[in-house]
Amino acid sequence: MAHNFLLEIGLEEIPAHVVTPSISQLQQRVSSFLAEQRIDYQEIKVFSTPRRLAIQVMALADAQPDIEEEVKGPAKKIALDSNNNWSKAAQGFVRGQGLTVDDITFKELKGVEYVYVTKFVKGQPIERVLPELKKQIMAMTFPTTMKWGNYSFEYVRPIKWIVALLDDKVIPFSILDIVADRTSRGHRFLGHEVTFADALDYEEKLMADFVIADADKRKQLIKKQIEQIRLTNNWNVVLDENLLEEVNNLVEWPTAFTGSFKDEYLAVPDEVLITSMKEHQRFFYVTDTAGKLLPHFIAVRNGNTEFLDNVVRGNEKVLTARLEDAKFFYTEDQKQSISDYMVKVKKLTFHDKIGSVYQHMQRVGIIAHQIGKKVGISNAELVDLQRASEIYKFDLVTGMVGEFSELQGIMGEKYARIFGENNNVAQAIREHYMPISAEGVLPISKIGAILALADKYDSIITFFAAGMIPSGANDPYALRRAALGIVRILKEQQWHLDFEKLNEVLVLALATNTTGLPTVVIENIDSVTDSVLLFIQDRVKQMLTNADTRHDIIEAVIGNTNTDILTIFEQANVLMVHKDDADFRSVIETLTRVIRLTKQNQVTPDKVDTRLFEDASEEALFIAVEDVINNIGNAPLSQLYTSLAKLVPTIVTYFDANMIMASDKAVKNNRLRQLNIIASLAKQLGDLDNLVVK
Amino acid sequence: MTKKLPMQQIILILQQYWASQGAMLMQSYDTEKGAGTMSPYTFLRAIGPEPWNAAYVEPSRRPADGRYGDNPNRLYQHHQFQVVMKPSPDNIQELYLGSLKELGIEPLEHDIRFVEDNWENPSMGAAGVGWEVWLDGMEVTQFTYFQQVGGLQVDSVTSEVTYGLERLASYIQDVDTVYDLEWADGVLYGDIFKEPEFEHSKYSFEESNQEMLLSMFDNYEREAKRLLELGLVHPAYDYILKSSHTFNLLDARGTVSVTERAGYLSRIRNMARLVAKAFIAERKKLGFPLLKDHALRAKYLTDNEKDLKGDNN
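Those protein sequence lines, which keep their order, are chains A and B. Take 1 as the starting number for the first sequence in the working numbering and just add one per residue. Take 695 as the starting number for the second sequence in the working numbering and just add one per residue.
Hints listed in this document are in silico derivations from the structure and should not be mistaken for laboratory results. Wrong hints could be hidden among the right ones.
With a straight-line cut-off of 25 Å between C-alpha atoms, the simulated DSS-like cross-links for lysine-lysine are [claimed, not checked]:
1. K327/A with K978/B
2. K694/A with K599/A
3. K317/A with K698/B
4. K607/A with K694/A
5. K919/B with K978/B
6. K119/A with K134/A
7. K335/A with K262/A
8. K217/A with K45/A
9. K327/A with K896/B
10. K110/A with K135/A
11. K683/A with K668/A
12. K335/A with K353/A
13. K986/B with K919/B
14. K694/A with K668/A
15. K896/B with K344/A
16. K278/A with K292/A
17. K72/A with K122/A
18. K317/A with K217/A
19. K971/B with K346/A
20. K579/A with K607/A
21. K76/A with K45/A
22. K335/A with K919/B
23. K541/A with K694/A
24. K896/B with K347/A
25. K160/A with K698/B
26. K219/A with K205/A
27. K317/A with K971/B
28. K45/A with K317/A
29. K936/B with K317/A
30. K205/A with K169/A
Pair ranges (Cβ atoms, derived) [claimed, not checked]:
31. D987/B with Q37/A: 37 to 43 Å
32. P783/B with Q28/A: 32 to 38 Å
33. Q28/A with R920/B: 52 to 58 Å
34. K579/A with E814/B: 39 to 45 Å
35. E814/B with S531/A: 49 to 55 Å
36. P753/B with P295/A: 20 to 26 Å
37. P783/B with L308/A: 28 to 34 Å
All figures in this text were calculated on a predicted structure; none of them were measured in a lab. C-beta: ideal position from N, C-alpha, C; glycine also.
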């Protein structure tokens, strides 16, 4: 007969973001446990709310299957004494297995004969196996754990009850003082104690006590309720998935409701209103069909429709207090000027070991200017970039950002416009934070992109110089994300940027400017530039790997002397495009041979002397190479590859016809000089030596 | 809600209720502090194995939050109703909800939620896990299970329930600004506190004597350390509180330079750690008298070094 098993862990309110990962973990643990125990079942259903994690295992087998297990004993020479009688060791071994010496067979393992017995293992009934699940419950891991009472055991929140039912029987075990039983609790306020007669009663019984235990069903219900509200009011609702997930894990019995705020608050920027509703109160904001924000919201209560008026009024009151604050800040902030704010920015810490935000901005200004010149923006744009770099953090000290820190940059742009800054400057202030996540949107404007690059670069290099280098999972200042941001921006903008040159400028600036770095940090800058470059290149590597770039191609384009990110991507792209060409192998082998020869036999640079040619193939190669050089100009790397590939047969003929290491030194050097020219072209494609073409 | 409770009535009800649940009614501690947690009745008593159940109102000063009496919700000094129970009772959430009922807040008539909020006070080396409690969307209580105090991992977990009295009263009396709250008998919160709020804000933001405060901080710190060496835990703790408040005053003026700020915080943290160790050592000398469980008491008294370890962060 098949059985059903119910396990429920009752807890004090679990953090909303921990609920879903925790139930997946419990499901995973139970399924691995059952597999390990060789227990068949049909499926595992999961249930989760803020106060419970539960699973139902459906159609479990009665018992583990019986198995025959081969057990290895002592070596044959130990098992038999000199008279060929069974030794004590052999007898002890079979006794330990519940068998007799008659059951012994011999088998060879790595050249030695051993005693073996085949043991019959009777499968345990599941009620004997299931109590072991206790270990799985206790082994659960969580992002934050806590102790309570006088226990030293740690868990996500205190455990309040445990239900463990196999059909209609309690599976006995206990954790701390909590004894597994058949009694659960319903909704904290609407419900009561709930006792299950059978494991299958779970969902229905809880439902009767105002708990929708199935998280998906609960979420669907919330969606349906919101949809109903939307239809009734003819609103648009942005059903943010993350918010929905969070709200779903804050309730056991959801009731969606609407509230309103006064029209006058609509004068405050939408972003502020949305942040107040979404981040602070977990409300869904609504718009009209044209997308204009409306003075209403949708929230979800953990309860039924009774006394909903109180709940609506309370939530409206809280939101109003927040919006009143926001309106106050919005008005007050506009009474000051950007230069007033910049005075305050001077007092703002960037990092204790590095100095102030203001000093960081000064360094960023220098770096940004350098990048701006390098990527060729106009003089007018350089002026805007200069202005942006002088003020771009001013909003950090406004009342609004003090209250709503997630609006940094967004308020900066808004206020900058109000204070009469031009579009380029205002936009760059917002964009310099981008991308704000690994996959986040990148700056659109060039000035925003440059400011973003400079801001991130200065952060990375100064944190490195101050000894705060990310390691393992420890990256508190999100420097990896900053580095990835740099790489993505350069790729997106198609900008060539030589970090070595950038460093030179920075080091020079530090020597001549008062950019506020402590001496020890300044002294370290020079020595960390290489590791910073490697750190950034690691992000390139990560992106190439994610794009399924062949491993040896990644090795070929990364880690050589190339300090320009965009070139790395171009090299990888060219090699990936041609890697399956019929002649790829011969092209790479020929070019690496050229490179190796020139590396092993260095000559003073000079022109190739055509008068020293002894063979027609030399003339032919000379002309072909000249041709490549004349045509290549500033053409992309893809064209260089094609040209070199075309050159390869000529090189091969040249190798066949000529001894490079000729006995006449002048001839030898002349040939090496010819190869040098080809080598320097080939090296532009990457470190070809690392390619696997066998 | 049938009637609007004046603030003093709210306090009386909470005192009555928690006293009946076994909390000792302590009085506000007479040294300036930023939160009820910093009263020795919480901070020191949360350390070590001895049980402790107490409730008290704590006027809490936060100079940087002063708004000259203009802001409806922000105050230089607000009032916390603090309940600490150690070890945390199994039904502490239910006890808390019971207190709301006493105040006329019927859970079925509202939406009450426990929303994750882990609390940390790095300058006191204290951290805990818990929630903020939402009443119809408004945060009215901070609920914390202490995990670390003064840099020491706790032996016995203190549950701390901190009601923001002004918030709670604003909800109960349904007023839009704290200054309209009725304290008692027709006397409004504003009648009592508006003037001091203005003056303290003016002082904290404009008039405080920086030189004097800086030298006071140094003196307080020196005195605290000296007293710690003498094993005078409680006077030392008073001076730590004074240095903390003095730093808050300096910080409100925004004149503490950026690097110095971290320096001050770490100086306070060091003192908090020293006093935590000293307190537990002194209690041990006394034989952990509040620990009535003989077996546990014997265990902690013979457990020589353990209590003093764990201060690595």
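Consistency of the hints with the structure:
1. K327/A with K978/B: 55 Å, violated
2. K694/A with K599/A: 22 Å, holds
3. K317/A with K698/B: Distance of about 17 Å is within 25 Å: holds.
4. K607/A with K694/A: Roughly 35 Å separates the two Cα atoms, so the pair is violated.
5. K919/B with K978/B: 21 Å, holds
6. K119/A with K134/A: With Cα atoms ~29 Å apart, K119/A and K134/A exceed 25 Å; violated.
7. K335/A with K262/A: 24 Å, holds
8. K217/A with K45/A: Holds, at about 13 Å.
9. K327/A with K896/B: 24 Å, holds
10. K110/A with K135/A: With Cα atoms ~37 Å apart, K110/A and K135/A exceed 25 Å; violated.
11. K683/A with K668/A: Judged against 25 Å, a Cα distance of about 22 Å means the pair holds.
12. K335/A with K353/A: Violated - the C-alpha atoms of K353/A and K335/A are around 34 Å apart, more than 25 Å.
13. K986/B with K919/B: 32 Å, violated
14. K694/A with K668/A: 30 Å, violated
15. K896/B with K344/A: Given pair K896/B, K344/A holds - Cα atoms ~19 Å apart, limit 25 Å.
16. K278/A with K292/A: 16 Å, holds
17. K72/A with K122/A: With Cα atoms ~19 Å apart, K72/A and K122/A stay inside 25 Å; holds.
18. K317/A with K217/A: 31 Å, violated
19. K971/B with K346/A: 39 Å, violated
20. K579/A with K607/A: 33 Å, violated
21. K76/A with K45/A: Distance of about 51 Å is beyond 25 Å: violated.
22. K335/A with K919/B: Since the Cα atoms of K335/A and K919/B sit roughly 46 Å apart, the hinted pair is violated (cutoff 25 Å).
23. K541/A with K694/A: 23 Å, holds
24. K896/B with K347/A: Holds: K896/B and K347/A sit about 21 Å apart, inside 25 Å.
25. K160/A with K698/B: 35 Å, violated
26. K219/A with K205/A: Judged against 25 Å, a Cα distance of about 19 Å means the pair holds.
27. K317/A with K971/B: 45 Å, violated
28. K45/A with K317/A: 41 Å, violated
29. K936/B with K317/A: The hint is violated at about 37 Å.
30. K205/A with K169/A: Cα-Cα ~17 Å, so holds.
31. D987/B with Q37/A: 37 to 43 Å: 40 Å, holds
32. P783/B with Q28/A: 32 to 38 Å: Because 34 Å falls inside the window, the suggested range holds.
33. Q28/A with R920/B: 52 to 58 Å: 57 Å, holds
34. K579/A with E814/B: 39 to 45 Å: Roughly 53 Å apart at Cβ, these two residues miss the hinted range, so it is violated.
35. E814/B with S531/A: 49 to 55 Å: 32 Å, violated
36. P753/B with P295/A: 20 to 26 Å: Hint violated: Cβ distance 38 Å, outside 20 to 26 Å.
37. P783/B with L308/A: 28 to 34 Å: Taking Cβ atoms as reference, P783/B and L308/A lie about 33 Å apart, which means the hint holds.
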